[in-house]
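Chemist: Protein chains in written order, with the UniProt record's numbering: chain A, 1 to 336; chain B, 1 to 359.
The hints are simulated quantities; they were obtained by calculation from the structure and are not laboratory data. A portion of the hints provided could be inaccurate.
In silico EDC-like pairs for lysine to aspartate or glutamate, Cα to Cα no more than 16 Å straight-line [unchecked claim]:
(1) A/K314 <-> A/E263
(2) B/K164 <-> B/E183
(3) A/K331 <-> B/E292
(4) B/K259 <-> A/E263
(5) A/K201 <-> A/E263
(6) A/K314 <-> B/E183
(7) A/K256 <-> A/E295
(8) A/K314 <-> B/D75
(9) A/K307 <-> B/D75
As the structure is a computational prediction, the values presented were derived from the model and not from experiment.
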Amino acid sequence: MESTAKKRRCSFNKDWETTYHWVKPVQGDSQRVFCEVCQSSFSVSHGAPERSGREFGSRKPRREEGEPRTEKMPLDQDWTAVYPAATPFRAGSVPLPVRMGYPMKGGVPPEKKGNLELIKIPNFLHLTPAAIKKHCEALKPFCTEWPSALDTDAKCDEHFPIKVECTDYVSSGLSVRNPSARIVQLKVKLSILNLDDHARKKMLKLVGERYCKDTDVLTITTDSCPLRQQNYDYAQYLLTVLYHESWKTEAWEAEKTVADMEEYSWEGSPSQKNIMDMLLRMKVAGEGEGEEVQEQLLARSEVQEYKDSVTRLKNEGDNESSVLQYKEAVKKVFNL
Amino acid sequence: YFTMLNLTSASASFQACQSEKHLGQFYTLPSAHFRPLFPHGLPYRYQQQVKTFNEACFMVRPPALEVISYLKKADYSKPALRYLFYGVKGSGKTMSLCHAVHFCYTQGWVVLHIPDAHLWVKNCKELLPSSYNSARFDQPLQATTWLRNFRTTNEHLLSQIKTKRRYVWTKRESTDEGRPLGELVNQGISRVKSSSDVVGALMKDLRLQSSQPGADFRLVVAVDGVNALWGRSTIKKENKSAVDLEELTLIHNLKKLMKNDWTGGAIITTLSQTGSLYTPKSAYLPQELLGETGFDSMDPFIPVSVPNYSEKEFESAYLYYLDRKWLQHPQSRTEDGKKELSFLSSKNPSMLDRICGFL
C-alpha cells in the first residue's frame, strides 16, 4: 500500500487472506474485516490488520466447552470420587435435573446450569451413605469392639443407666480446638432412681423443662464451663444434688396449695364434700353417725364410679366422652 | 314425619305429646300459655318468628325429652337435682330450657326463670350500695324488670303462697308474716331502691317453703347462661376497680339458690358462650365455661348435650318452614335446595333460621 501525501482510507485487500489466516472479508463493507478467532469485525480504514494490536496473539482463543461430565457418568460409578470433600455445587458434576429459584410469571424455577442459588447454599453431596460407610471403615482401626453381652437396649439401660453424650469436632483450619466440644449431655431415666411420691413430684418441679414425660428421661445439658471435663463433673454434681434435695422436705413445703398440685385428688376436694352431703341428706344409708356412714357410702360402687369420672374430667380436661361418663355416674348415684 | 300436634289446655294431651314417638315433630303452645310464661327468656330471633307466624312452635327433641323424663321420675323429697344443657352455639339450648320450663308450668309449678344471667353482670347503669349489707351492691333496674316478669309468669300462684317471715325494708315499710307473696313482689316493683333485696327475700322464701314436707307447690329454677355466676364481670365501681361477683346482691342470692340444699324442685340451667365475658368463642364444654369454682359448686349435676339437628329433625324443620311459606325461593323446594341448606347450615338450628330468612 502506498502512502501518498493525500491520505485515503484503506480497504480490504485479498493478500491479507493468505498472510493472516484469520481474516475474512465482510459483505457490504470493504473497510471492515472479520476476524475468525474472536468472531467479530473491526475496521481497517486506518491500516492493515497487523496494526490493530489487539488481535494477534495477545488474547488466548476461547476454546469450546465440552460435554458436561454428567453425560459420561456410568450408573454404578463411585460417587465418593466425584465429591470427596465439601465443595460448592458443580452443575456439570451432579447428574440430577435440579431446579431452584423463584419462578417468574408463567415460568418454572431456573435450571441448575449457572444457578447461583444452588451454589450459595451448603450441600451434603460429600456425605452420602456410601461416603459415610467409607469414613466408618477408615475409623474402625481406631475403635474398640462393642461388648457382645450388651446386644439389646434393655440390657444397656440396665447396666449403664446414665448416658453421657459429648461431640468431637474435626476441621481443618488454624486451630484444632472447637468451643462446641465442651457441651456435655447427661440422660437418665427417672424410674431408675429410688424416688418416693413426694420426692418424684419435687424432682419434677425442680427440673421443669428438662424432663420428657413420654420417655421418662431426664436430660441435663451443661455448657457453662470451658472444658469438657469440668462440664461432665458439673453434670454429675447436678444429678446428685437433685436426688438428695428432692428427698428432703423443707418447712415451707407445707404451704402447698391446691393450685400447686400436679394432679387432682378426689379425697378432700369440694366434689367429695358435695356428694357426701347429698347422700347423707338423701338418707341413703339409713340412720347412722359420722365415720361409719361415710365409709359405707364411700365403698358403694356408684360413688367409686363417680369419683373416677370426676378425677378423669379434672385431669384430662373436657371432652365429649369424659362428660358422658360423668353423666352416667351421676345418674347412677341418683338412681335415674 | 312432620305433623303439628295441637295442644289443648288439658295437660293430659300435652303429656301424651312428650313421648319418644313424637321426636322431630312440632307442637304448638296455646297462646294462653305463651304470653304469661315467656315474657322474657326466649331467644330474640325466635320471638320475631313467633310474631311473624302468629304461633309458637317447639320441636320435640331428645335433650328436652330426657330432662322431662327425669323430672317425671325424680323423687321430690330428696335434694333438688341440677341439669345443665350444653352444646355449640345455636344448637338449641335455650329452646330446650324453655321446653322443659313449659312442661313444669303445665304441671303447676312455680317458675323462677332468669332469662340470661349474663345481663346481670354487665352493662349496669345504676349501682347502689346495698341497704341490707353495706359491702354489697344492688342493681335496681335489673331487679325490677325481673320482678315484673316474674309476676306475669306466676300470677295465679302468687296469691296462694304466703310468706313465712317478716321482712323489714325501711323504718316505715315492712311485710309481715303470712301475707301473700304477690304483695312482696309488688312491694319490690314499687319501691325500686329495695328491689334487689326483695328478689333475695323471694328466693329465700320460695326455697324454704318448697322444702317443707307439706308444701303444695314445686319450684323450678331455670337459669340461662349459668356460667355468668362464676365468671368475671365488667361492671366497674366509681374508682374504676372491677366489681367482684360476690359483691352483687342478685348474684349472691342466685348462687345460694343454685346450691342443692333445698328439696321439692329442680334446677335446670344452660351454658352460654354468647353473652359470656372473657371466654374464647370456641368453648362450649361444661368445664371450660364453668371454670373450677363453677364446676365445684354445681357438682354433682347432670350434663345434657344438645347437638345440632339430626337428619330427621332437619327434615322436620325444613318442612315446617315450607308449610308456613317462609321459604319463598323456588329452588328451595327442590331436593338439591334442601341438600344445599343442610350443607350451608351444617344442620345448626340458628344458622338454618338465619339462612332461611334470606330465602
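Chemist: Taking the numbered hints from earlier one at a time, note which ones the structure violates and give those numbers from smallest to largest.
Modeler: 3, 4, 6, 7, 8, 9
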